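Novice: In order, the protein sequence lines correspond to chains D and F. Going by the numbering used here, 21 is the number at position 21 of the first sequence; the sequence numbering is gapless. Going by the numbering used here, 70 is the number at position 70 of the second sequence; the sequence numbering is gapless.
Some clues are possibly wrong.
Some residues of chain D that are not near chain F, with every Cβ distance over 12 Å (derived) [unchecked claim]:
hint	residue
1	Phe51
2	Asn65
3	Glu116
4	Tyr124
5	Arg128
6	Leu142
7	Asp190
8	Leu198
Taking beta-carbon pairs under 10 Å as the criterion, some of the chain F residues facing chain D (in silico) [said to hold, decoys possible]:
hint	residue
9	Ala12
10	Gly15
11	Ala20
12	Pro26
13	Asp40
14	Phe54
15	Thr65
16	Leu67
17	Ala89
18	Tyr90
19	Pro148
If you are wondering where the hints come from, they were derived from the structure by calculation, not from laboratory data. Owing to the predicted nature of the structure, the values given are computational and were not obtained by experimental measurement. Glycine included, C-beta positions come from ideal geometry on N, C-alpha and C.
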Amino acid sequence: MSLRPLTRALPLTPALVLLLLFLAGPIAYCAWIAFTDLQLTGQAESSFVGFENFRTAFRDEEFLNAVWLTLVFTVLSSLIGQNTLGLALASLMRRASKPVRTLTGGIVITAWVLPEVVAGFLLYAFFRREGTLNAILDLLRLPSQNWLFTLPILAVSFANVWRGTAFSMLVYSAALNEIPKEITEAAEVDGAGGLRRLWHITLPMIRRSIGTNLMLNTLQTLSVFGLIWVMTRGGPGDRSQTLPLFMYEQAFQNSMIGYGTAVALLLLLVGSLFSVVYMRLLRTEV
Amino acid sequence: MSDRRRNRRLAADAGLLVLASTFLLPLAWVVLSALDPHADLRVKVPDGLTTAHFEAILTEDITFTPLLNSLLLCGGGTALTVVCAALAAYPLSRFRSRLNRPFLLTILFATSLPITAIMVPVYALFVQVDLIDTLQGTILFFAASQLPFAIWLMKNFMDGVPRELEEAAWTDGANSLQSLTRIVLPLMGPGVAVVTVFAFVMMWGNFFVPFMLLLTPDQMPASVSINEFFGNRGMVAYGQLAAFSIVYSTPVILLYVLVARRLGGGFALGGAVKG
Chain D
1 MSLRPLTRAL PLTPALVLLL LFLAGPIAYC AWIAFTDLQL TGQAESSFVG FENFRTAFRD
61 EEFLNAVWLT LVFTVLSSLI GQNTLGLALA SLMRRASKPV RTLTGGIVIT AWVLPEVVAG
121 FLLYAFFRRE GTLNAILDLL RLPSQNWLFT LPILAVSFAN VWRGTAFSML VYSAALNEIP
181 KEITEAAEVD GAGGLRRLWH ITLPMIRRSI GTNLMLNTLQ TLSVFGLIWV MTRGGPGDRS
241 QTLPLFMYEQ AFQNSMIGYG TAVALLLLLV GSLFSVVYMR LLRTEV
Chain F
1 MSDRRRNRRL AADAGLLVLA STFLLPLAWV VLSALDPHAD LRVKVPDGLT TAHFEAILTE
61 DITFTPLLNS LLLCGGGTAL TVVCAALAAY PLSRFRSRLN RPFLLTILFA TSLPITAIMV
121 PVYALFVQVD LIDTLQGTIL FFAASQLPFA IWLMKNFMDG VPRELEEAAW TDGANSLQSL
181 TRIVLPLMGP GVAVVTVFAF VMMWGNFFVP FMLLLTPDQM PASVSINEFF GNRGMVAYGQ
241 LAAFSIVYST PVILLYVLVA RRLGGGFALG GAVKG
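Build the full structure now, drawing on both the sequences and the hints.
Specialist: Okay, structure coming up:
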């Protein structure tokens, strides 16, 4: 009889083995090599260097630059861009006619479903000097410029908004549908204008969705690599080099696996922090 | 309908159409350029239509081998993910145990970890255990990276299948595996389909994992081989790049359309954003 719980748990084994070997394993390994001077070439043995990699990082201007750019990228594209635009799309859709709603939803979701690299190329074409954006600006007789060179972080942030907004739109559409019609109608009868209704009724009622959406967007944005890689390779110079690209460059172009992993560990820690907050917000009944 | 409501509807329609056209421009570029004999980087009405770009890319080297690689990689990874997730979800959904809650919380925690961050250590690990540049190694990692979310979704779907239906089978002497494969999984067919498609779409579009773990050009999936259009010196054939992008993206768009309705529009929402 005492074996029963074990036999019952048996089907968990394949998943557990995979998760331990290929997910928990690398994370543990990450936590180890972040404290060594492991290199890709040259020295055969690596040695334990304690917090040296982290000290190096916080003195390294390139690292601080990557932290700053990651912050800018996350705030611009996820907190402001995807989140606000997603809410705007969702609330406009509630009032719009059905064909317009379906059309807009289809277009925004297509941008989301496209593979990361394809999205990167499309936005690369859009922002290039000879690209669509400048063609439109020329048409409007506005000054054009080489966006990927002058404002690379803005261009990749816009790309991330283009690609990621559908998720927020879907989250907010679902959340707005949950608000009882009577409440908004009552407020309308009482003469509350659009903005006041948004601030005093809609936003408080969907605050949990806002929380979870912000968390998931942020986590998603923290790990964007392919999109930026395709559009700018982190350049020009390091002007769009966010932490994942910095990590990659240190580990492979500069062959400093230990240092690159220390950066990865920091990224993982920030991610875990957000993940814990997300679970708190969700307060799910498991 | 009152005038006021009609005006509001018109305003909403206009606003949405403006936003939609901003989203549409890059998409329009890829479709128009793929058919335009003189494609460049701008969205413009083609001065004639051609299928030359598609003909040029539909070769073994450019399209078929990378797509086949993608299919092997993502098909293998998806199959492994779905089988492991279905097996793992069963005890979590059916039996009470003190360990369920901590396990599920860990899984939920893992679903939101930035996998990008661990690619450097995974690379270092794969070099040590000789899994680098192998299809099976990449498949195993793909499966592991999708498993947390797949288990989470699968468990939620499985909870929707009433227990009573299984009890009859148990009295007839069926074991857990039999009741899982003969009763529970068939009853949650749409849920299994959602998990399968989700895992497949995520892997199909993933660039960083194969980019790091595979080295031999013949093994590259489409997500990485698409870089070839840029890597070679000289002019980029934008028409061909656009045509390839369309061929490569079509399967996931079709799959998305197939399951989109199952979870009320966004399948990523199931389980993840119940708030």
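Novice: Hint by hint, note whether the structure agrees.
Specialist: Outcome of the hint check:
1. For Phe51/D, the shortest C-beta to C-beta distance to chain F comes to about 18 Å, beyond the 12 Å cut-off, and the non-interface label holds.
2. For Asn65/D, the condition that its CB be more than 12 Å from all CB atoms of chain F holds, with the nearest at approximately 18 Å.
3. Non-interface call for Glu116/D relative to chain F: violated, since the shortest CB-CB distance, roughly 5 Å, does not exceed 12 Å.
4. In this structure Tyr124/D is not separated from chain F by more than 12 Å, as the shortest Cβ-Cβ distance comes to only about 8 Å.
5. With 12 Å as the threshold on Cβ separation, the claim that Arg128/D sits away from chain F is violated: the shortest Cβ distance comes to roughly 5 Å.
6. Non-interface call for Leu142/D relative to chain F: holds, since the shortest CB-CB distance, roughly 16 Å, exceeds 12 Å.
7. For Asp190/D, the requirement that its beta carbon stay farther than 12 Å from each beta carbon of chain F is met, with the minimum near 16 Å.
8. Consistency note on Leu198/D: stated as away from chain F, and its beta-carbon is indeed over 12 Å from all of that chain's, at 14 Å minimum.
9. For Ala12/F, the suggested interface contact is upheld, since its CB lies about 4 Å from the closest CB of chain D, less than 10 Å.
10. The closest approach between the C-beta of Gly15/F and any C-beta of chain D is roughly 5 Å, which is under the 10 Å cut-off, so the hint is satisfied.
11. Satisfaction of the interface hint for Ala20/F is found here, the shortest Cβ-Cβ separation to chain D being roughly 4 Å, below the 10 Å cut-off.
12. For Pro26/F, the interface hint holds, since its Cβ comes within 10 Å of a Cβ in chain D; the closest pair sits about 4 Å apart.
13. The beta carbon of Asp40/F is positioned within 10 Å of a beta carbon in chain D (closest approach about 6 Å), and the interface hint is therefore held.
14. Here the hint on Phe54/F is broken, as its CB sits about 16 Å from the closest CB of chain D, past 10 Å.
15. Because the smallest distance between the Cβ of Thr65/F and any Cβ of chain D comes to about 17 Å, over 10 Å, the interface hint for this residue is violated.
16. About 12 Å separates the beta-carbon of Leu67/F from the nearest beta-carbon of chain D, more than 10 Å, and the hint is not met.
17. Given the 10 Å rule on beta carbons, the hint for Ala89/F holds: about 9 Å separates it from the nearest Cβ of chain D.
18. Proximity of Tyr90/F to chain D holds as hinted, the smallest CB-CB distance being about 5 Å (cut-off 10 Å).
19. Restraint check, Pro148/F versus chain D: the minimum CB separation of about 7 Å is within 10 Å; hint holds.
Violated hints for the displayed structure, listed by number in ascending order: 3, 4, 5, 14, 15 and 16.
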